[in-house]
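Please model the complete structure; the sequences and the hints are all you need to start from.
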Amino acid sequence: MRSGRWVSLIALVLVGWLGVGAGLAQGGASAGARGEVEVRSSDLLSTVLRDDWPSYNGDYTGRRYSSLDQVTPANAHELRAQWIFHSRNAGVLEATPEVVNGIMFFTGSNDVYALDAATGKVLWHHERPVTEGLVDDASGHINRGVAILGTRVYMETDNAHLLCLDARSGMLIWDVLYASGNRNYGATSAPLIVKDKVLVGTSGGDDGVRGFVAAFDAATGKEVWRFWTIPVPGEAGSSSWPGEMYLHGGGTTWMPGTYDPQLNTIFWGTSNPSPDFDGSVRPGDDLYTDCVLALDPDTGKLKWHFQFTPHDLYDYDATETPVLVDAIYEGAPRKLLIEANRNGFVYVLDRTNGKFLSAKQFVVEMNWAKGIDGAGRPIRTENIPTTEGTRVCPGYAGATNWYSPSYSEQTRLFYFMTLEDCHVYTAKTAPFEEGKEYYSTGAAHKRGEKATKYLLAYDFAKGQFAWRNEQVGDSHSFAGVMSTATGLVAFGDDAEEFEIVNATTGKALWHFNVGQPLHASPMSYAVNGKQYFAIAAGSDLIAFALP
Amino acid sequence: MGVGSERSGGLGVVRLGCWVVVLLLGAVAWGQEKAGGMEGARLFSANCAACHGADGHGGERAPSIATLRNVIAMSDAELVTVVGKGLPGVGMPGFGYLGDEKVRQVVAYLRVLQGVGSTAQVKGDAGSGRALFYGKAECSKCHMVDGEGGFIAAGLSTYGKGLSAEAVRRAIVEPNYDVERGSRVVEVETSDGRRLSGMARAEDNFTLDLQTEDGRYHFLAKTDLKSVRHTTHTMMPDDYGTRLSGGELDDLVNFLIATGSASGSEEGVGKRKHHDQ
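Residue numbers (this note's numbering), protein chains in the order written: chain A, 1 to 547; chain B, 1001 to 1277.
Calculated from the structure, these hints are not laboratory results.
Quantities reported herein were computed from a predicted structural model and do not represent experimental measurements.
Built from N, CA and C at the ideal position, the CB exists for glycine as well.
Treat the hints with care, as some may be off.
Chain A is faced by these chain B residues, among others (derived, beta-carbon under 7 angstroms) [to be verified]:
1) ALA1131
2) TYR1134
3) MET1144
4) PHE1151
5) ALA1200
6) ALA1202
7) THR1207
8) ASP1209
9) GLY1215
10) HIS1218
11) PHE1219
12) LYS1222
Below, simulated DSS-like cross-link-like pairs (lysine-lysine); rule was C-alpha separation at most 30 angstroms, straight line [unchecked claim]:
13) A/LYS462 - A/LYS355
14) A/LYS428 - A/LYS355
15) A/LYS335 - A/LYS462
16) B/LYS1102 - B/LYS1136
17) A/LYS195 - B/LYS1141
18) A/LYS222 - B/LYS1161
19) B/LYS1161 - A/LYS530
20) A/LYS530 - B/LYS1226
21) A/LYS222 - B/LYS1141
22) A/LYS446 - A/LYS462
23) A/LYS335 - A/LYS370
24) A/LYS301 - A/LYS370
25) A/LYS301 - A/LYS335
26) A/LYS370 - A/LYS360
27) B/LYS1161 - B/LYS1102
This is the structure:
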């Protein structure tokens, strides 16, 4: 039911007009002129990010590496704020804006906005009331962005509906409820387009839901496949889930995956098991929690999986972006997957088969594991949650988290934000209850202990850190990282500032006080030949460019 | 309350005779009485008109509460709360001191101004109305119902919910009766002589984001424009009153009310609401 460029209806037409600004936007991934949204699924295959940033991570590799070259280490200090968009009803915004042909799409709590990417002015706004009675993350009405295909925009709502909107007006075309049977389901992610399908996941991994990745026909909203991350009794891995436990095992899918078209494989991270801290009710490895899943995007069939934290007791979700990198590794060109995991190790896998290649500890304080063995399994310690409490590092906010990492093709370094932190974990067996979180007790800071954030540059080929920047702040930021072809790394620091450093040395080049907590990842785009950076802070979205 | 003619005057647009306006005013007066509303009307003009306008269609200091979809969509209880408590910080005072009874009377009168609440039997046939909507009347070229139709104008899936037949009919036959700013057609001429016409989705002293009927946004700098004309009409044809028969209009009205009442979705409410800060 895609309306094409239909002929004008009444006398009200543009007379002899061909379009202001036509031909100005060069290098964008999508078809169509400036001011027109028309994204073909083939456009999404481009791995060179220039004017447009048409999906959550920019492109399917998840590298967040922009080829725009206007802003350089030499002139970055001249960056200045261009506009501020204020959203009225969100908490702290977590979305990455997406840009196609000068139109920016951005989300807040059950809100989608289309903005003029050069001015930040609202072109349309689709809103629906936030849902009452949700649990945990979903009750914060978090949303991380849209997916775009054709002339349509897709968004997940806090209560796990997938909405299809007309990108030109924000009008609702269809609305599908995709998670039911347990009201602890919610959704916070941006969907992912693969070919003619929209892929979604849910939140609720700390709340006793059963995780899945589901694919819908982008045209009709009809479900095509669904991969459940917790096996039913009888299936492989089901011995971890006695009785009805499989219905509450977590393994949710609350961040968008990445995609390799040549391998025809999507890579999707799963969350921690439920209940978080009490492992006694879920013996064994708890598949497929804390995994990266390699799935066939056409059928949802599992090709391979790699589990970072078997039998997790610490809330170490594996939902961090599985970044796809093609590089020389140990002397041969390899198709790699790099992931900085919440459990404190950064992994390199062979993404053709899931084979473990290396892991490197990236936090100083680490006491849940002594290391990673040759097969990629952690060598565990005795430190597990108890009724009296056990101090474990990294803490439950993770050694890193969902905020974006970035891989630069220019420096061949992998950049990510880390958190040096420990918690005292306590656990006690408790029954699952709908309408309540399902952590089975909690984690707290030891009195007087302070956490610290670091920005890391990892040379995965050498297995060494190129540099490590300590961040001043209260360690409550949740901001991601991106890089550019000119050798810049842009990120939200821990002191409410948007900052740019030299990608090779880590030396600061420019910073701007956004004056609000940063819980989002930056991106870059261009309109009319002008390069912008944009990042959400507090309830605002701010764009920067050279004068 | 002769606002209709005042607002729509001087456009050079073919309009319906004033008899429609007379009829409509008659309907309002009738509804007013039915709502036991002389007291409500008096309270409204004494307490609300200064900001919201005599007919509730908005004034210098406050938005239209008679036509904004998100206000119409509020329940009576929600309206009573808003009017009683006010909206601190955005300039809407609370009227709780009038007492519950008077607040309810004002809200009842507001419903009359919104054209909401008439439970009278709606004439016409919804099935024929649907056929007209997607067929001969070409409404679906601009409007979407339940995901099908055009995108340039407001979605109408929930529009008819709770509206009276008179109000829906007026929206069809007299589309320029009360046009929200964002729905007005804007015509521009660029410095190099090209003309464009569409809707201003965003505008300030320096830029104008015009969406043409094909859906494309034109991001225009005012310095590149020779002229900008804000008309007071919408894109919607204003001749449906003569193009369609009385029976056909009844069918369309019935279709929109039936669709709206059947719809459980939230579409339409607050849709295309402009960022109003």
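Each hint tested on the structure:
| no. | hint | verdict |
| --- | --- | --- |
| 1 | ALA1131 | violated, 18 angstroms |
| 2 | TYR1134 | violated, 12 angstroms |
| 3 | MET1144 | holds, 5 angstroms |
| 4 | PHE1151 | holds, 4 angstroms |
| 5 | ALA1200 | violated, 10 angstroms |
| 6 | ALA1202 | holds, 3 angstroms |
| 7 | THR1207 | holds, 6 angstroms |
| 8 | ASP1209 | holds, 5 angstroms |
| 9 | GLY1215 | holds, 4 angstroms |
| 10 | HIS1218 | holds, 5 angstroms |
| 11 | PHE1219 | holds, 6 angstroms |
| 12 | LYS1222 | violated, 12 angstroms |
| 13 | A/LYS462 - A/LYS355 | holds, 18 angstroms |
| 14 | A/LYS428 - A/LYS355 | violated, 36 angstroms |
| 15 | A/LYS335 - A/LYS462 | holds, 17 angstroms |
| 16 | B/LYS1102 - B/LYS1136 | violated, 47 angstroms |
| 17 | A/LYS195 - B/LYS1141 | holds, 28 angstroms |
| 18 | A/LYS222 - B/LYS1161 | holds, 28 angstroms |
| 19 | B/LYS1161 - A/LYS530 | violated, 46 angstroms |
| 20 | A/LYS530 - B/LYS1226 | holds, 25 angstroms |
| 21 | A/LYS222 - B/LYS1141 | holds, 25 angstroms |
| 22 | A/LYS446 - A/LYS462 | violated, 36 angstroms |
| 23 | A/LYS335 - A/LYS370 | holds, 28 angstroms |
| 24 | A/LYS301 - A/LYS370 | violated, 34 angstroms |
| 25 | A/LYS301 - A/LYS335 | holds, 21 angstroms |
| 26 | A/LYS370 - A/LYS360 | holds, 11 angstroms |
| 27 | B/LYS1161 - B/LYS1102 | holds, 26 angstroms |
Violated hints, listed in ascending order, are 1, 2, 5, 12, 14, 16, 19, 22, 24; each of the other numbered hints is respected by the structure.
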